[in-house]
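The lines below spell out each chain.
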Amino acid sequence: MNGPSFVLSAFVVTWLTASLRLAGPVLLAALGETFAEQSGVLNVGIEGTMLLGALASFLVSFYSGMIWASLIAAVLAGIAANLFLAWMYVTIRANQVVSGLVFNVFAVGVASTVYRKAMGDSALPESIAMFQPLHIPGLTRIPILGPVLFGQTILFYATLLLACIAYFILFKTNLGLALRASGENPAAAASAGISVARMRYLGTLISGAGAGMAGGYLVLAQVGLFRESIVSGQGFIALGIVIFGRWNPLKAAVAAMVFGACDALQLSLQIFGSHVPSQLLLALPYIVTILAISGLFGGKAVQPAALMVPYDRE
Amino acid sequence: MKDFLEMRNIVKRFPGVVANNRVNLTIRAGEIHALLGENGAGKSTLMQILYGFHSMDSGEIRMDGKQIRLDSPKDAIALGIGMVHQEFMLVRPFTVVENTVLGMREGRGPLLDLEQASRKLQELSNRHGLALDPAARVGSLPIGVQQRVEILKLLYRDASLLILDEPTAVLTPQEKDQLFAILRKLKQDGRSVVIVTHKLKEIMECADRVTVMRDGQVVATREVRETSEHELTRLMVGRDVNLRAIKPERKPGAAVLQVKDLRVEDESGREKVCGLSLEVHAGEILGVAGVDGNGQSELAEALLHLRRIEGGQVIVNGADVTSRSVAEHRAGGISYVPADRRRVGSVPEMSVADNAILGQQRKYVRGLFRDLDEARKSAEKLTARFGIRGSGIDQGAGKLSGGNLQKLILGREILRGSAVLVVEQPTRGLDVGAVESVWQELIRARQEGKAILLISAELDELLNLADRIAVMFEGRIMGIVDAVAASVEVIGLMMAGIRPAGAANTGATMKEAPSGETV
Numbered sequence: 000m001n002g003p004s005f006v007l008s009a010f011v012v013t014w015l016t017a018s019l020r021l022a023g024p025v026l027l028a029a030l031g032e033t034f035a036e037q038s039g040v041l042n043v044g045i046e047g048t049m050l051l052g053a054l055a056s057f058l059v060s061f062y063s064g065m066i067w068a069s070l071i072a073a074v075l076a077g078i079a080a081n082l083f084l085a086w087m088y089v090t091i092r093a094n095q096v097v098s099g100l101v102f103n104v105f106a107v108g109v110a111s112t113v114y115r116k117a118m119g120d121s122a123l124p125e126s127i128a129m130f131q132p133l134h135i136p137g138l139t140r141i142p143i144l145g146p147v148l149f150g151q152t153i154l155f156y157a158t159l160l161l162a163c164i165a166y167f168i169l170f171k172t173n174l175g176l177a178l179r180a181s182g183e184n185p186a187a188a189a190s191a192g193i194s195v196a197r198m199r200y201l202g203t204l205i206s207g208a209g210a211g212m213a214g215g216y217l218v219l220a221q222v223g224l225f226r227e228s229i230v231s232g233q234g235f236i237a238l239g240i241v242i243f244g245r246w247n248p249l250k251a252a253v254a255a256m257v258f259g260a261c262d263a264l265q266l267s268l269q270i271f272g273s274h275v276p277s278q279l280l281l282a283l284p285y286i287v288t289i290l291a292i293s294g295l296f297g298g299k300a301v302q303p304a305a306l307m308v309p310y311d312r313e
Numbered sequence: 000m001k002d003f004l005e006m007r008n009i010v011k012r013f014p015g016v017v018a019n020n021r022v023n024l025t026i027r028a029g030e031i032h033a034l035l036g037e038n039g040a041g042k043s044t045l046m047q048i049l050y051g052f053h054s055m056d057s058g059e060i061r062m063d064g065k066q067i068r069l070d071s072p073k074d075a076i077a078l079g080i081g082m083v084h085q086e087f088m089l090v091r092p093f094t095v096v097e098n099t100v101l102g103m104r105e106g107r108g109p110l111l112d113l114e115q116a117s118r119k120l121q122e123l124s125n126r127h128g129l130a131l132d133p134a135a136r137v138g139s140l141p142i143g144v145q146q147r148v149e150i151l152k153l154l155y156r157d158a159s160l161l162i163l164d165e166p167t168a169v170l171t172p173q174e175k176d177q178l179f180a181i182l183r184k185l186k187q188d189g190r191s192v193v194i195v196t197h198k199l200k201e202i203m204e205c206a207d208r209v210t211v212m213r214d215g216q217v218v219a220t221r222e223v224r225e226t227s228e229h230e231l232t233r234l235m236v237g238r239d240v241n242l243r244a245i246k247p248e249r250k251p252g253a254a255v256l257q258v259k260d261l262r263v264e265d266e267s268g269r270e271k272v273c274g275l276s277l278e279v280h281a282g283e284i285l286g287v288a289g290v291d292g293n294g295q296s297e298l299a300e301a302l303l304h305l306r307r308i309e310g311g312q313v314i315v316n317g318a319d320v321t322s323r324s325v326a327e328h329r330a331g332g333i334s335y336v337p338a339d340r341r342r343v344g345s346v347p348e349m350s351v352a353d354n355a356i357l358g359q360q361r362k363y364v365r366g367l368f369r370d371l372d373e374a375r376k377s378a379e380k381l382t383a384r385f386g387i388r389g390s391g392i393d394q395g396a397g398k399l400s401g402g403n404l405q406k407l408i409l410g411r412e413i414l415r416g417s418a419v420l421v422v423e424q425p426t427r428g429l430d431v432g433a434v435e436s437v438w439q440e441l442i443r444a445r446q447e448g449k450a451i452l453l454i455s456a457e458l459d460e461l462l463n464l465a466d467r468i469a470v471m472f473e474g475r476i477m478g479i480v481d482a483v484a485a486s487v488e489v490i491g492l493m494m495a496g497i498r499p500a501g502a503a504n505t506g507a508t509m510k511e512a513p514s515g516e517t518v
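From first to last, the protein sequence lines are chains U and G. For what it's worth, numbering that gives the first Met the number 0 labels the leading residue of the first sequence as 0, then goes sequentially. For what it's worth, numbering that gives the first Met the number 0 labels the leading residue of the second sequence as 0, then goes sequentially.
Pulled out of the complex, with its shape left as it was, chain U reads as follows:
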């Protein structure tokens, strides 16, 4: 292989591999959020939930070294936090956006306090055991596509599987129909004997599980340590991915890959050296997300009709 084409193929491999790697956590969070929004709840609190999930998985991994237990801890932390959010959204019928935003601020405070208490004021960030890329023998040797598609961690494949399962539940089961009805026309759902409150609790808790696991994904498969800025807006990006994916888990997977590709592009361009200012590159994935949800391309997104509308039977 001669020089330039080797560089180019190395660039493409690095770029695409990173794309998928970076798409994983936002997709997980977006999958959960899809359930919440289809049930009629806009759960903005997934940003903070991701942070709490990240913290939980880091601490469990640090103290026990058990990587799977760390992941489960992240999921449980997400569910626990969202039990509170669901209570605010559904039982109290508080403003969903305000509750979620305030929860995010609260989560940052909780996370940094707990982290300092647990780790002391040691200057060095502690690193932990992580999921490693699988490198499936044989398949990884396929040029370009091999390392890209078959060199990811098991969490990535699990996330893709979850996307399929999420699609199946939402569109092929009675439960999915009932959940979507609660987000489209809660009065009609209630009139058909469905408990709208139960569906919305369920949707919110699933989004908590997804966001918690996404936080675990960041720590256990991408970064390997905890810091307060680890999530840095990826929960909000997931909200955009849900819209970009038109509230459909499979389309959300594609949307997440597009986001991942943009994010990875700016990383790769920085590594390989580029004349474009790095600040502009950093903004790229966010600009693409804003354009994607603006409705300027691919038609206007039609959200669940009762999204953010609290439901009261009497």
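Check before you lean on any hint, since a few could be wrong.
Below 27 Å or equal to it, Euclidean Cα-Cα: the simulated DSS-like pairs (lysine-lysine) are [what the hints assert, rightly or not]:
no.: 1; chain 1: G; residue 1: Lys376; chain 2: G; residue 2: Lys398
no.: 2; chain 1: U; residue 1: Lys171; chain 2: G; residue 2: Lys119
no.: 3; chain 1: U; residue 1: Lys171; chain 2: G; residue 2: Lys376
Here are the in silico distance ranges between beta carbons for each label pair [what the hints assert, rightly or not]:
no.: 4; chain 1: G; residue 1: Glu122; chain 2: U; residue 2: Arg197; range: 29 to 35 Å
no.: 5; chain 1: U; residue 1: Gly294; chain 2: G; residue 2: Val325; range: 25 to 31 Å
no.: 6; chain 1: G; residue 1: Gly268; chain 2: U; residue 2: Ala79; range: 43 to 49 Å
no.: 7; chain 1: U; residue 1: Gly294; chain 2: G; residue 2: Val16; range: 43 to 49 Å
no.: 8; chain 1: G; residue 1: His229; chain 2: U; residue 2: Trp86; range: 53 to 59 Å
no.: 9; chain 1: G; residue 1: Leu242; chain 2: U; residue 2: Leu249; range: 57 to 63 Å
no.: 10; chain 1: G; residue 1: Arg341; chain 2: U; residue 2: Arg197; range: 31 to 37 Å
no.: 11; chain 1: G; residue 1: Val10; chain 2: U; residue 2: Ala157; range: 40 to 46 Å
no.: 12; chain 1: U; residue 1: Tyr285; chain 2: G; residue 2: Gly274; range: 44 to 50 Å
no.: 13; chain 1: G; residue 1: Ala130; chain 2: U; residue 2: Ile153; range: 51 to 57 Å
no.: 14; chain 1: U; residue 1: Trp86; chain 2: G; residue 2: Leu367; range: 44 to 50 Å
no.: 15; chain 1: U; residue 1: Arg197; chain 2: G; residue 2: His229; range: 48 to 54 Å
no.: 16; chain 1: G; residue 1: Gly391; chain 2: U; residue 2: Phe83; range: 43 to 49 Å
no.: 17; chain 1: U; residue 1: Tyr285; chain 2: G; residue 2: Val325; range: 36 to 42 Å
Rather than coming from a laboratory, the hints here were simulated on the basis of the structure. We put the beta carbon where it would ideally sit given N, CA and C, even for glycine.
Keeping the supplied structure of chain U fixed, place chain G upon it in accordance with the hints.
Leaving out everything else, chain G in the frame of chain U:
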């Protein structure tokens, strides 16, 4: 026939009102039972209790002699009680079959089996003569068909008691006949049907028995063949009423409002008014008939410039006002009484006095400040002139009854002195007494020479008040008929989009001056 369901001594209180006060209702197997009463009489509350939507404060419900508990619609459905609400309980983006199986557990456990459900639905629709495509999206179906979906939903659940809340409000006269035929068939199957209504004619036409409610109590239960419209009215209202408007003869004057080739779109960009033309003369009431949702509201909103006009012209007294702002428009001679009294017609949180000058507040100023004395004086004048009863002009407008609030809005708009009055559904939800006085005020405004465009879904209202009736269907005028000579059948056909032979076949203005006959 044996008693099938019995509600005994039902009491339901809402903050400030007793909606149901020791109500008794018995429904037999295989009967059509009408529940009659004015708005606010407590009929809907009673049915919501029977469907498990509301809990009752005391009382008991028995089915086949056994006491039953209804804590949620789920309980009611399990017992074979089904309800078609006034506002349909359908999920618009879902298909017919998805709406049907919603909330049901059957077939392949947690998995949806839409194919099998479609087959069963098709079978039911054939058996009951309710034509339907199970795969159609509900949101794209006409209202009459949506009602069919609601009824099939109940049959799919094999309901033995079907409750229909104001089922004919959204139907053309022909669709209404179809509905009644279906209900009679269900009765022959041994099912019981309860229809909640305030329309006497329909009761006489299809019910076996009728229970009349007033002020939260049951006044009487009658066999329909042993009663009369006259007696039912007296029971419902508590006094004799004769709802007939006496309209003095009046020669209409020049054309005051002219609409030419008007085009208006709804929020999602669909054309709702498609090249509509009409003329309203001074001293004339032009009625606009049509099933709700055929562009009537969009027409009214466009005339007031509350909605953008995509094409065409609006001319008032010879001046083109098509592209004016709402304020200029209103100053320029169009007054508006919107269909939604509490959200568009008034600001319920503000006082009667403030609502009485709403839209003319700039007239009541002294320098930088409001001239409260003048404003109050004119509000007092308005309430006296239109007989608005309440606890005074400082009361919140939202606390007025529907009829009094409507009189306040109507009075305000009439006293502005505009040449044109656009009135939308002026008596919707009002009791008989209030309907009478609203009608009288509209006739009085006609006598004063105003050009009135009256949009109403109540054919009776149009036949009583209008000089001419224009029928709207899918954004177009199907024809304009003289109210005196008009037949309900012809209007009904036009409401369904069928243009009968002999009716005026253009939406354009009539050349000759219309006649104003006495009814």
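Do the hints match the structure? See the list:
1. Distance restraint check for lysine 376/G and lysine 398/G: the Cα-Cα separation of roughly 21 Å lies within the 27 Å cut-off, and the hinted pair is therefore satisfied.
2. In summary, the hint linking lysine 171/U to lysine 119/G is supported, as the alpha carbons are separated by about 19 Å, within the 27 Å threshold.
3. Restraint check for lysine 171/U and lysine 376/G: the C-alpha separation of about 65 Å exceeds 27 Å, so the hint is violated.
4. Distance hint for glutamate 122/G and arginine 197/U: a CB-CB separation of about 32 Å, consistent with the stated range 29 to 35 Å.
5. At roughly 28 Å, the beta-carbon separation of glycine 294/U and valine 325/G lies within the given 25 to 31 Å, and the hint holds.
6. For the hinted restraint 43 to 49 Å between glycine 268/G and alanine 79/U, the CB-CB distance of approximately 45 Å keeps it satisfied.
7. Between glycine 294/U and valine 16/G the beta carbons are some 45 Å apart, a value that agrees with the proposed interval 43 to 49 Å.
8. For histidine 229/G and tryptophan 86/U, the Cβ-Cβ distance of about 57 Å falls inside the hinted range of 53 to 59 Å, so the restraint holds.
9. The supplied range of 57 to 63 Å is met by leucine 242/G and leucine 249/U, whose beta-carbon atoms lie about 59 Å from each other.
10. The hinted window of 31 to 37 Å between arginine 341/G and arginine 197/U holds, with their beta carbons roughly 32 Å apart.
11. Take valine 10/G and alanine 157/U: their Cβ atoms lie about 57 Å apart, and the range 40 to 46 Å is violated.
12. Distance hint for tyrosine 285/U and glycine 274/G: a CB-CB separation of about 46 Å, consistent with the stated range 44 to 50 Å.
13. In this structure the hint that alanine 130/G and isoleucine 153/U lie 51 to 57 Å apart at CB holds, the actual value being about 54 Å.
14. At about 49 Å, the beta-carbon gap between tryptophan 86/U and leucine 367/G stays in the expected band of 44 to 50 Å.
15. One distance hint, 48 to 54 Å for the beta-carbon pair arginine 197/U and histidine 229/G, holds here, with the actual separation near 51 Å.
16. For the pair glycine 391/G and phenylalanine 83/U, the supplied restraint of 43 to 49 Å holds, since their beta-carbon distance comes to about 48 Å.
17. Remark: the range hint 36 to 42 Å for tyrosine 285/U to valine 325/G is upheld by a beta-carbon distance near 39 Å.
Going through the hint list in order, the structure does not satisfy hints 3, 11.
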